[in-house]
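Place chain D on chain E using the hints.
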Amino acid sequence: GAGVSQSPRYKVAKRGQDVALRCDPISGHVSLFWYQQALGQGPEFLTYFQNEAQLDKSGLPSDRFFAERPEGSVSTLKIQRTQQEDSAVYLCASSLRPDVSGANVLTFGAGSRLTVL
Amino acid sequence: DQQVKQNSPSLSVQEGRISILNCDYTNSMFDYFLWYKKYPAEGPTFLISISSIKDKNEDGRFTVFLNKSAKHLSLHIVPSQPGDSAVYFCAASPNAGNNRKLIWGLGTSLAVNP
Chain E
-17 GAGVSQSPRY KVAKRGQDVA LRCDPISGHV SLFWYQQALG QGPEFLTYFQ NEAQLDKSGL
43 PSDRFFAERP EGSVSTLKIQ RTQQEDSAVY LCASSLRPDV SGANVLTFGA GSRLTVL
Chain D
35 DQQVKQNSPS LSVQEGRISI LNCDYTNSMF DYFLWYKKYP AEGPTFLISI SSIKDKNEDG
95 RFTVFLNKSA KHLSLHIVPS QPGDSAVYFC AASPNAGNNR KLIWGLGTSL AVNP
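Here the protein sequences line up with chains E and D, keeping their order. Just so it is clear: in the first sequence, position 64 is 46 by my numbering, and no numbers are missing. If you count the second sequence from 1, you need to add 34 to reach my numbering.
One chain only, chain E, in its complex shape:
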């Protein structure tokens, strides 16, 4: 597609529920990133994929967070047993090249806003 598409745009979950957030990156983009943006904060890195390989998951806050990109295109971020502190906007971004060196501009999706009650 023309841009990075994320769904759902809004999700309300009860504490303890599992949620799945989807990201459809720009076709042909090698790199895919997930960021978490809490209210009034800047985005914080969660995890990075180069094609289907998850090369960095150092930003995932707990083992309740899991991400996959099985065919190197669409990615899903899953949060198990959601907690109130998980409430945030989850941003997906993609870029054309691997995240190694040289300018590699990110294109962000509009985000999925998760509210955990």
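The reader is advised that the hints may include incorrect statements.
[Said to hold, decoys possible] Pairs of lysine to any residue, SDA-like flavour, derived with a Cα cap of 20 Å:
| hint | chain 1 | residue 1 | chain 2 | residue 2 |
| --- | --- | --- | --- | --- |
| 1 | D | Lys90 | E | Val87 |
| 2 | D | Lys88 | E | Asn86 |
| 3 | D | Lys88 | E | Val87 |
| 4 | D | Lys135 | E | Pro43 |
| 5 | E | Lys39 | D | Lys135 |
| 6 | D | Lys39 | E | Leu21 |
| 7 | D | Lys135 | E | Val87 |
| 8 | E | Lys(-7) | D | Glu76 |
| 9 | D | Lys135 | E | Leu42 |
| 10 | D | Lys135 | E | Val82 |
| 11 | E | Lys39 | D | Asn132 |
| 12 | D | Lys135 | E | Pro80 |
| 13 | D | Lys135 | E | Arg79 |
| 14 | D | Lys135 | E | Asp38 |
| 15 | D | Lys135 | E | Ala35 |
| 16 | D | Lys90 | E | Ala85 |
| 17 | D | Lys135 | E | Ala85 |
| 18 | D | Lys135 | E | Gly41 |
| 19 | D | Lys88 | D | Leu100 |
| 20 | D | Lys135 | E | Ser40 |
| 21 | D | Lys135 | E | Lys(-7) |
| 22 | D | Lys105 | D | Ile87 |
| 23 | D | Lys135 | E | Gln23 |
Hints are computed from structural coordinates only; laboratory data are not their basis.
Frame of chain E, contents of chain D only:
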């Protein structure tokens, strides 16, 4: 502790005038700096970047200045237009292309008044 600080949460400017958005950083390992713009209900959009080997980068109405000794950068928008009204994020990384290590500021909300 915030490694990238945008100390002004908001800024209001008259159309046609200059907007100056400031950003300070604490980590001397940062070598590459970016500005992103964000409209409500949209994701951030890349605006302009600068490497530490430069002190200025210009792209149309947007200029970024870097003062390494002061660990300070600023984004100048001249002339400001109402469509520039958005939240501007400063971000820093140890090197270009290392988006995993990008550290973001909290953003400055710019309002350009007609």
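Structure-based check of all given hints:
| no. | hint | result |
| --- | --- | --- |
| 1 | D:Lys90 <-> E:Val87 | holds, 19 Å |
| 2 | D:Lys88 <-> E:Asn86 | holds, 18 Å |
| 3 | D:Lys88 <-> E:Val87 | holds, 18 Å |
| 4 | D:Lys135 <-> E:Pro43 | holds, 16 Å |
| 5 | E:Lys39 <-> D:Lys135 | holds, 12 Å |
| 6 | D:Lys39 <-> E:Leu21 | holds, 16 Å |
| 7 | D:Lys135 <-> E:Val87 | holds, 14 Å |
| 8 | E:Lys(-7) <-> D:Glu76 | holds, 16 Å |
| 9 | D:Lys135 <-> E:Leu42 | holds, 14 Å |
| 10 | D:Lys135 <-> E:Val82 | holds, 11 Å |
| 11 | E:Lys39 <-> D:Asn132 | holds, 14 Å |
| 12 | D:Lys135 <-> E:Pro80 | holds, 14 Å |
| 13 | D:Lys135 <-> E:Arg79 | holds, 16 Å |
| 14 | D:Lys135 <-> E:Asp38 | holds, 11 Å |
| 15 | D:Lys135 <-> E:Ala35 | holds, 18 Å |
| 16 | D:Lys90 <-> E:Ala85 | holds, 16 Å |
| 17 | D:Lys135 <-> E:Ala85 | holds, 14 Å |
| 18 | D:Lys135 <-> E:Gly41 | holds, 10 Å |
| 19 | D:Lys88 <-> D:Leu100 | holds, 7 Å |
| 20 | D:Lys135 <-> E:Ser40 | holds, 10 Å |
| 21 | D:Lys135 <-> E:Lys(-7) | violated, 28 Å |
| 22 | D:Lys105 <-> D:Ile87 | holds, 13 Å |
| 23 | D:Lys135 <-> E:Gln23 | holds, 16 Å |
Of the hints listed earlier, the one the structure fails to meet is number 21.
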